[in-house]
Amino acid sequence: MKKNIANGLTLAAIAVVFTGIMTALVFFGVIDEYTAQILSLAGINVIVALSLNLISGFTGQLALGHAGFMAVGAYTTAYCIMKLNLPMFLAILIGGLVTAVFGLVIGFPTLRLRGDYLAIVTLGFGEIIRVIMINLEQITGGAAGLKGIPSFTEDILLAPALSLLWVFSVMIITIILVSNLIKSSYGRAILSVREDEIAANAMGINVFYYKMYAFTISAFIAGVGGGLYAPFFGYLNPTMFNFLKSVDFLVIVVLGGMGSITGTVIAGFVLTYLQEFLRFLQDYRLVIYPLLLIFIMLFRPSGLMGNREISILGLWQRLFKSKNQSQSKVDKAGER
Amino acid sequence: MTVLRVKDISILFGGLKAVSNFNMTLEEGELLGLIGPNGAGKTTVFNMITGVYHPTSGEIEFADKNGKFQNTTHMKPFQITQMGMARTFQNIRLFKDLTVLDNIRIAYHSNVKYKTFDAVFRTPAFFKEEAEITKKAIELLEIFNLGHKQAELAKNLPYGEQRKLEIARALATQPKLLLLDEPAAGMNPQETQDLTQLIRFIREKFNLTILLIEHDVSLVMGICERIIVLDYGQTIAEGTPAQISQDPRVIKAYLGEEVGLHA
Numbered sequence: 001m002k003k004n005i006a007n008g009l010t011l012a013a014i015a016v017v018f019t020g021i022m023t024a025l026v027f028f029g030v031i032d033e034y035t036a037q038i039l040s041l042a043g044i045n046v047i048v049a050l051s052l053n054l055i056s057g058f059t060g061q062l063a064l065g066h067a068g069f070m071a072v073g074a075y076t077t078a079y080c081i082m083k084l085n086l087p088m089f090l091a092i093l094i095g096g097l098v099t100a101v102f103g104l105v106i107g108f109p110t111l112r113l114r115g116d117y118l119a120i121v122t123l124g125f126g127e128i129i130r131v132i133m134i135n136l137e138q139i140t141g142g143a144a145g146l147k148g149i150p151s152f153t154e155d156i157l158l159a160p161a162l163s164l165l166w167v168f169s170v171m172i173i174t175i176i177l178v179s180n181l182i183k184s185s186y187g188r189a190i191l192s193v194r195e196d197e198i199a200a201n202a203m204g205i206n207v208f209y210y211k212m213y214a215f216t217i218s219a220f221i222a223g224v225g226g227g228l229y230a231p232f233f234g235y236l237n238p239t240m241f242n243f244l245k246s247v248d249f250l251v252i253v254v255l256g257g258m259g260s261i262t263g264t265v266i267a268g269f270v271l272t273y274l275q276e277f278l279r280f281l282q283d284y285r286l287v288i289y290p291l292l293l294i295f296i297m298l299f300r301p302s303g304l305m306g307n308r309e310i311s312i313l314g315l316w317q318r319l320f321k322s323k324n325q326s327q328s329k330v331d332k333a334g335e336r
Numbered sequence: 001m002t003v004l005r006v007k008d009i010s011i012l013f014g015g016l017k018a019v020s021n022f023n024m025t026l027e028e029g030e031l032l033g034l035i036g037p038n039g040a041g042k043t044t045v046f047n048m049i050t051g052v053y054h055p056t057s058g059e060i061e062f063a064d065k066n067g068k069f070q071n072t073t074h075m076k077p078f079q080i081t082q083m084g085m086a087r088t089f090q091n092i093r094l095f096k097d098l099t100v101l102d103n104i105r106i107a108y109h110s111n112v113k114y115k116t117f118d119a120v121f122r123t124p125a126f127f128k129e130e131a132e133i134t135k136k137a138i139e140l141l142e143i144f145n146l147g148h149k150q151a152e153l154a155k156n157l158p159y160g161e162q163r164k165l166e167i168a169r170a171l172a173t174q175p176k177l178l179l180l181d182e183p184a185a186g187m188n189p190q191e192t193q194d195l196t197q198l199i200r201f202i203r204e205k206f207n208l209t210i211l212l213i214e215h216d217v218s219l220v221m222g223i224c225e226r227i228i229v230l231d232y233g234q235t236i237a238e239g240t241p242a243q244i245s246q247d248p249r250v251i252k253a254y255l256g257e258e259v260g261l262h263a
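Protein chains in written order, with our numbering: chain Z, 1 to 336; chain W, 1 to 263.
In isolation and in its complexed conformation, chain W is listed as follows (with noise of 0.2 Å):
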């Protein structure tokens, strides 16, 4: 079943198209790889997916949870969010000075029942639905190692478990398909080795649909089923791990063109 369909979307930034007629569908449980240099507008991508701009042409088709299309080019993150879609950022965007708590806590917001007036007066409802949503995030805390450090500030957790943290918060949304923007930005070999059982891992246990953006060769190569690769705003190749690889316009765009070695 199709989660995702996204039509022919262009951006303008002035004058700058940062992308054109991009095209793409994403199937119920895949693991999709979105690579490409730097500047060949992924992010942008990502952004118009999630709703923090909006194509200047094309369409985007999100299923719901009843899995109805919904039209959500137009929509605000938040809305598209609350539809079952959660990403994480490229810089960590934490909420730093709340707890790790706090911060597990907040994505489980928007399916709050209790009014302000059980949170003003403390109504037995309040303590409820406090403590069940607690539970859940301490549970979901588990699931990351991160359970023992859920009174820390955010800010003080080292970067690896920043990334994590974030994964995890992403997650306690409640979505069918996460959007991961480069998640080993910044860790080494064995810390990437780790994310990438990590994402087999909670790709299993919560049944997600992922789309990922990464500049790490091992790891997209690693894990996904399916590339698409950018270039300058243009899908330049689409295909499997081992035909990319392959694919001379992919590899003119990541080294360049031969030039006169045979003259």
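Chain Z extracted, bound-state conformation (with noise of 0.2 Å):
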């Protein structure tokens, strides 16, 4: 028990530690606004496309519409900063939870097909959600949009480190709370479901309840991941969440390996930052940028990853504890 609270609070010093640094090379300038921009859109890519692996890494359930769950959590969030006056904190909760209840609702009806069909279906809804958005006019501003959104901050030199510390933020409790579910028994009942339905059901777990239920924890976060996009750009528009923004979540997804999070989160940052080192081929770009996913599916059709993790309490122990070396077979086992 005294090694659990150990490693826990190890684990929380490294992610406070990472964040902190990362927010002061920011506000000192050693890393330059354009690049933290750059990096605070990976963290929220990094947030959705985790939300979307869940779903259809962990759980194997291809879903296409994570557009349209970050759309209603970017407006929701927006509404609540905007209209209700609530904090950036609770407004973001509402708009994760808001996009929960959509997942709720989307999921009962269609978690009940399988594979293409599946992935057919929540596509229509995706689209269904950026066209309610487009009509809604009072709430979302329609076509035109939404403008005048607050930003993290209203200091304009604070604003880039702050925006970061915010998304890194979240990026990291997510990141810790999803490996934290699949690493335990409702992770495991998850996981059988995109085994073997028969098997799993054959041992007693309730498969189309554990779909729902990877669905809308998926919608959940991905709705949060919306809810940074609005203070974050202070503009919304219902083309930012077409469905090439659905597809760009898979790509990350299937590069960075279904069902790996490490792959999930080293992807979205390299094909963020991809994106952008791109640009100084100008139109050329978006043929190189799908030929190099072409080159990686060709040679690791199982992504970066595969359904590998790299823990980073073990590299710690393994750098700094040589001794505690003999770790039990069972953690070992544990850990996967």
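Read the hints as simulated data drawn from the structure, not as lab findings.
There could be a bad hint or two in this list.
[Unchecked claim] Stretch-level coverage of chain W by chain Z, calculated; a stretch enters the list once three of its residues show a Cβ under 8 Å from a Cβ in chain Z:
no.: 1; region: 71 to 83
no.: 2; region: 87 to 95
no.: 3; region: 99 to 107
We put the beta carbon where it would ideally sit given N, CA and C, even for glycine.
Reconstruct the complex from the two isolated chains, following the hints.
In structure tokens form, the structure reads like this:
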């Protein structure tokens, strides 16, 4: 038990120090404002891609409508901040919760379908949400978009550092919580649904319930990601959440490895940065980027990480506590 | 005491009557064999008992953990499993990309008491129960001589061990009735013999009632007390192994009819 608490504290300390250093680097101008923006955007992409990985990679249910969930989260958060004057934290949380309700409602009829059928139906729902956003002009500003959403701070000098701090904090919390979930009995139930529905059912797992469970949690996280989007850009427009946006997340998940949190994080940062980095190629960017994806898929079809993980805690212990090497076998098996 | 009552079940697949008017009762502690030629409907009977298919007519009743009979005819498989019935599959259905240990731990999930909150925020309740589950799972693996392979992926086990793991996983759901669907399929005589020993052993150790589908006659005749023979979806004989092996209808179903030998 003591070891568990110590591990938890170590992990928390690493997370806080890492986020602190990144924020400081931006604050003191070591990382310029442009790069900070890309990093923040990548952080949001990682959050939404993680939510997609939860349902598509870990539960094995291909969903193509996550931009729709993001839109719900983004507009709800914007509404809470602008009309209800709620604090940022609460607004984002409500954004996530409202999206979770959407997930529940959409999941109930759709999760009875499998594979490509489910993909098509979720794609349809994603588009429906976008069209509703266009037509709900009083709340969303319609096709013209919603302007003037307050940023994380009014101080322009602080803005880049504070955006990064917000996004990275939420991202790290999401990573830790999702990874905790996966490494629990509930996570194993979800994985069993992916592996073999008939066998899972025969093991006493309520397959439909766990699909709903994963889908709703996934929607919540996507909503939180969308919620960060609103103050980050300060402007929302339904076309920001079209089908191609959903595909972006799918690319991150597939490239990182379906069922790997580490893979999603790495791919999220690499791909977001790559899209900006390739700008010097101008229009050729649109050729090079897909070509890269094709090559990676040809040579690493299971994604960068497959379904393996890199354990931060494991790395830490290997680096600094070589005496503790003889961790029991049980722990190793537990960490997958 | 009776554990399972199957009353007059039939099932139609389109125009095909795969099983018609099948009856069966299982007494506590019994080991009943269900045999028959290919396509006789044995696995279909299994699937109806475990809730994968629902019979077109007829009823199935299963005694729950308090010994009270429940109508399980239209229940879902996971509900029936939670009542205390577990099964294995003809073509092994392990969670291939998960470790041996996780395959077992999944089977304990329906009894897990900690909530999602405990899992996500790692409360003491989570660590305590996870440790218990892992301990139980490893103990079970040790019984099957799979303890040293707990960290391997299920798909990397040799065939015989995959069969064993599937039985171990079924036992982890803490059943009182175990259904084995051709456990000796693809095994050589030596492995079949080991399996016979294993089935005898777990039956004693876990106090099980067992229903067994099998093609391997030596296995069935060796361990079953009672046998039901199916052909074309109908029961053609029922009795002790000795009675069954003498029954002319059974011989006919398996070997065909004598034609004009004495003419």
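So, going through the hints one by one against the coordinates:
Counting residues of the region 71 to 83 of chain W whose CB falls under 8 Å from any CB of chain Z gives 5; the rule of at least 3 is met. A count of 5 residues in the region 87 to 95 of chain W with a Cβ less than 8 Å from any Cβ of chain Z is obtained; the coverage claim is therefore met, three being the minimum. Proximity of the region 99 to 107 of chain W to chain Z, defined as three or more residues with a beta carbon under 8 Å from a beta carbon of that chain, is established by the 6 residues found.
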